[in-house]
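2 protein chains.
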Amino acid sequence: MPLDQPDFEPPAVNETRAAALSLIERSKTCLLGTLDEQGIVDLRAMLNLKHEGLRKIWFSTNTSSRKVAQLKINPGADVYYYYQEKFEGLRLSGRILLRQDVESREMLWSEGAELYYPHGVSDPDYTVLEFRVETASYYSDLKNTILTID
Amino acid sequence: MPLDQPDFEPPAVNETRAAALSLIERSKTCLLGTLDEQGIVDLRAMLNLKHEGLRKIWFSTNTSSRKVAQLKINPGADVYYYYQEKFEGLRLSGRILLRQDVESREMLWSEGAELYYPHGVSDPDYTVLEFRVETASYYSDLKNTILTID
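So the protein sequences, as listed, match chains F and A. Counting with the working numbering, you get residues 388 to 537 for the letters of the first sequence. Counting with the working numbering, you get residues 388 to 537 for the letters of the second sequence.
Derived from the structure by calculation, the hints contain no laboratory data. The structure displayed is predicted, hence computed values, not measured ones. Hints should not be assumed to be uniformly reliable.
Which copy is meant is left open, because identical chains are indistinguishable; a pair holds if it fits in one copy or across any two.
To be verified - Keeping only pairs whose Cα atoms sit at most 27 Å apart, straight-line, the calculated BS3-like set for lysine-lysine is:
(1) Lys-459 <-> Lys-473
(2) Lys-459 <-> Lys-443
(3) Lys-415 <-> Lys-473
(4) Lys-443 <-> Lys-473
(5) Lys-530 <-> Lys-415
(6) Lys-459 <-> Lys-530
(7) Lys-473 <-> Lys-530
(8) Lys-437 <-> Lys-473
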């Protein structure tokens, strides 16, 4: 059954925005969709590490990963958070900047990250993805609400 | 942190296949990724209703939905099942056939579906998506395993 009903603008936009932010804050992971070299959708789960409102999301990844190669060609991406017990979802669409500067690396570094980046915070195989959201829609109770991004 | 590590073929392929099928069977919903008219990834959660091994997945949707319009132009799609407590994920890539025949409609119909299709099983706004899987990869314990589709 469809979870993308026609879009509409409800009166309680602030409540919807708060619910969308709460979904991000409750999520351990989310889905990241990119396009591969053949223009085919590629999906994978990502750890949900850090966000700034609905405007920016940061992810950590291996520089050598498939997604980094894809994003160099096409930076467009979609991120989806969802809570399957309640059919609640947040779709964010935008672009990803690849970051390897010290500030971005340190901002996202956490204990245990050596598992992925054995050379530590300066590991050349460590890249930060800065996802800049352009459009957002929140789905809950069979309704899809477009949220503005400021 | 990345959840798509380099692919490899493990010895215990049958166990991996069983784990992938179990993930489908445990999931209430999954993510469906399509391409919109501008070639941008579009993601939404879908109810997980029926599957045939790893080969076919069926979804139910509104004929008037955005995804049906997108799939008419580009039938390529990705489906992702995941269990966020364990960072376990299954990515399926393939093509979707749009079905409106009686057999497909009845196969997927369930009690309560009138909520989405008020005219019942023959509602013209009811379309069955038949997803034919071409490639599959299962992610668990930091490993990504390619599964063959027979």
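The hints, checked one at a time:
no.: 1; hint: Lys-459 <-> Lys-473; result: neither (35 Å within a copy, 30 Å between copies)
no.: 2; hint: Lys-459 <-> Lys-443; result: within (19 Å within a copy, 32 Å between copies)
no.: 3; hint: Lys-415 <-> Lys-473; result: both (16 Å within a copy, 10 Å between copies)
no.: 4; hint: Lys-443 <-> Lys-473; result: both (25 Å within a copy, 25 Å between copies)
no.: 5; hint: Lys-530 <-> Lys-415; result: both (24 Å within a copy, 19 Å between copies)
no.: 6; hint: Lys-459 <-> Lys-530; result: between (35 Å within a copy, 24 Å between copies)
no.: 7; hint: Lys-473 <-> Lys-530; result: within (12 Å within a copy, 29 Å between copies)
no.: 8; hint: Lys-437 <-> Lys-473; result: both (23 Å within a copy, 20 Å between copies)
Comparing the model with each earlier hint shows a violation of hint 1 alone; every other hint is respected.
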